[in-house]
Amino acid sequence: MELSEDSLRGLQRLADPAQFSPRAFGAVLRAAFLSLSLSPDQAAHPAVDDTVFQHIPPCHIKECQAAATMFILEAVRNTIDRAALSTFLEDCKFDKERTEHFWTEYQKHRESLEILLENIGRTPPHVSDVSWRLAYEIKTNQLYKTHRPSYLVKFNLESPDTSQAKDISFNCSMEQLQDLVGKLKDAAKGLERTSQM
Amino acid sequence: MEEVDRILIHTLRTCGTEIPEEVQSVRHFNTELIVEAVVRCLRVINPSVGANLSHILPPGMSARFRIGTSLAQACQDLGYTGEVGYQTFLYSSEPDIRALLIFLAEKLPRHSQEDADQPAGKSAVLQREIATKIKQQLCLPWLPPSCRTAAAKRSQSLCLLHRFHAQPLSLAGDSSSKSIPPDRKEYWERYLPSVSTQLPHAYSLAASLLERNTSDLSAVQEWEAEWKSQGLASRLSPEEYRSRKRQRLQKRIQDQLHKFSQQFTENHIPGSSTQDLVDMLKAFTVEGGVDQNKGSRFTHAQKFTHQQDPQVLTEQMQRAAESLPKKDTQDAEAEQQELSSLQQQIEDMERDIQGLSETTKQLRLTIAQVEEETGKLQQHCDEKEKVVKVKKRAVELLPDAENNLAKLQAMVDGSTQRMTNLEGQWESHRARLMDEYREMKRLQQEKEDESSRWMKDVRDLYDKIRAAADEARRKEELYKQLVSEYESLPKDVSRAAYTQRILEIVSNIKKQKEDITKILSDTKDLQKEINNLTGKVDRTFVVTDELVFKDAKKDEPVRKVYKYLAALHENCSHLIQTIEDTGTILREIRDLEEQIETEAAKKTLSNLQKILEDYKAIKQENALLLGRMRQT
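As they're listed, the protein sequences go chains G and P.
The opening residue of the first sequence carries number 1 in this note's numbering; numbering runs sequentially from there.
The opening residue of the second sequence carries number 1001 in this note's numbering; numbering runs sequentially from there.
Isolated chain G (complex conformation):
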């Protein structure tokens, strides 16, 4: 896990007890975790007129808060364990107490942070339901008589907007449907095999 130089500088400044008292440190950490939480009304920044921050110039506070937030994100991204976290913080000159504090806060928020990161990305939409209709084709404009079944299949997709349900519908012949079903079965078997490994 690596951080950019600016963040490392901010962390080192945060570790300095002369610049940040323990209460100020706690406040900055709390603000950093709050800014990454998913509940919408808590994106508050530490009020600069807090008595805790009286002696600290605001640009330092902002620098340290940005550094702390970046560090938290990188830690969650790499699923850091306790040993690695303490080595990294020791390199940034954190003393034991602050490392403990950080670890407890981190454990509290780890789940929600993991959910936050997991929810960023893109996947193809999920199929949640299928409805089909079997029709029988008698003739087309190109052939006088074609007696064969044709399937109209509709996949219902999950979408983030629950009011607007999207779906995919298509028409296929029996061989194509057999092909599709065969492929689905292969996929399911492959998944079973992976889970048995």
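There is no bait here: all hints are sound.
Subject to a maximum C-alpha distance of 30 Å in a straight line, what follows is the list of computed DSBU-like cross-link-like pairs (lysine-lysine):
(1) G:K154 - P:K1135
(2) G:K189 - P:K1153
(3) P:K1133 - G:K189
(4) G:K154 - P:K1153
(5) P:K1133 - G:K108
(6) P:K1475 - G:K93
(7) P:K1135 - G:K185
(8) G:K96 - P:K1475
(9) G:K183 - P:K1135
(10) G:K185 - P:K1133
(11) G:K189 - G:K154
(12) G:K93 - P:K1480
(13) P:K1122 - G:K189
(14) P:K1178 - G:K93
(15) G:K108 - P:K1480
(16) P:K1563 - P:K1553
(17) P:K1153 - G:K183
(18) G:K93 - P:K1185
Covered by chain P, per the in silico footprint, the following chain G stretches (three or more residues, Cβ under 8 Å):
(19) 4-18
(20) 26-36
(21) 56-65
(22) 71-79
(23) 120-128
The set of hints was computed from the structure by calculation and includes no laboratory data.
Built from N, CA and C at the ideal position, the CB exists for glycine as well.
Since chain G is already given, all that's left is putting chain P on it; use the hints.
Relative to the frame of chain G, chain P by itself:
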């Protein structure tokens, strides 16, 4: 042998055989113990076979015989190549039993170690994690989106994801660094919003922060790579290298922009875009002085081309006309009239402007021409003036002609002398300066060579550092992996004792091999010596024989000597023969003694007795059965 036995007993105990404590070696195994051990091993190796056999020896002789044969059959099915039959179990001999038990112990499946033997390599660990995760997710039943719990959401709501949209953040930099202008510091202090308030959503904040971190890190890495490859080779300090690079890039951008703007003017593309381009160029070149002239020349050139202006005006008018709101028809008519009158005015003014500009052009041309002429005339004038001056001087000096001539001649001589003087001085100076120049050049070349050598050293050092860092990382990963592997290994068997014993045995064997080779070489030497000596003896005897025989024909005592010599030779050879025989007999004795030992270990006598007894017992049983059969 004790080691082997101890290991064997331990293995047999682990598969369930109850071996009493006082039994320390295979020699002390009695028949029941042997049978129990073998049956339990078979049960572990091959449960289907072993289940049919009981491990307790039945008292009846025929049953025992049957069990013996079935056990022998099972061992042969497993692949035991030695000779095995019911006699190995019932009338056992130590070496056979040991070999059989070793074979069975080897065949025991190492089930307890199967899991720990799984490779704990990274990819295997990852695959196992994937498998467990998938299994976990497959166990959750599918729930419709509104009913999903938090855990279900993590695996099933994966389609409702947010895009990774990174936006630029403005972060406070190093406020203690000196290269930051004070306005920026003040902005950081007062007005810069904190990171959490710059973006509305936690998702975009997370994405932007991650992006920012990675881009900073990769910028540093790229700079390092570039510095190591090109920067060091250019022998500049980092700041100089960076400034030079910036200048190079700026120049390239300017050239490209100029090229394209020239293309635009040639193709008469409407002027608004060219004007923007020109403004951009002007803004871009505001730092370079020379380029400003270029820029200004460009603007002058623009002002000279008239085709652009009416087009600009008409376009602007069109745009204005489109943006104006629609009015009523009356106003529209009045407007139209106004428009046409204004248009007329504009056209008149245009014509005037055109005429005036033409006249200005002409006037400028005439001005240029006239200036040229004046320049030429001025030059002419100067030349004439110079000639006049010379002539005047000559006229002044003319009355006092001879004196002046002499003075002039003296002046000329003096000046030629001064010239030669100066030339001499110049030569000496020049020679000195040339030497200095050559010296300096040589020093500079040396310094360059030295610096290129240092450069190479620095690059080698960088490579070594990188290699060492990679090695250290790899070793750390390996260490972590091995530690986790070691923790997962079973701790019941003390491997250290075994490995130590194995190493001791290996060193013992090595010593013994050395001893054996020494003995062999001694034997070889001895044999060579013996051969040598026998040969010598024979040759000496032949020589003395001949010598003495020659003299024996004449003298009587010599004949006696000859007889004694022959007798001596015969006796000695006899002696040697006896010694050899003694050696062979000793060897045979030793062999026989060994055979006696092995035979004694086979307990053949006691086995034979047992066999006789069992044979008698079987005979009795047979008689009993026959009797019973006859009765019924």
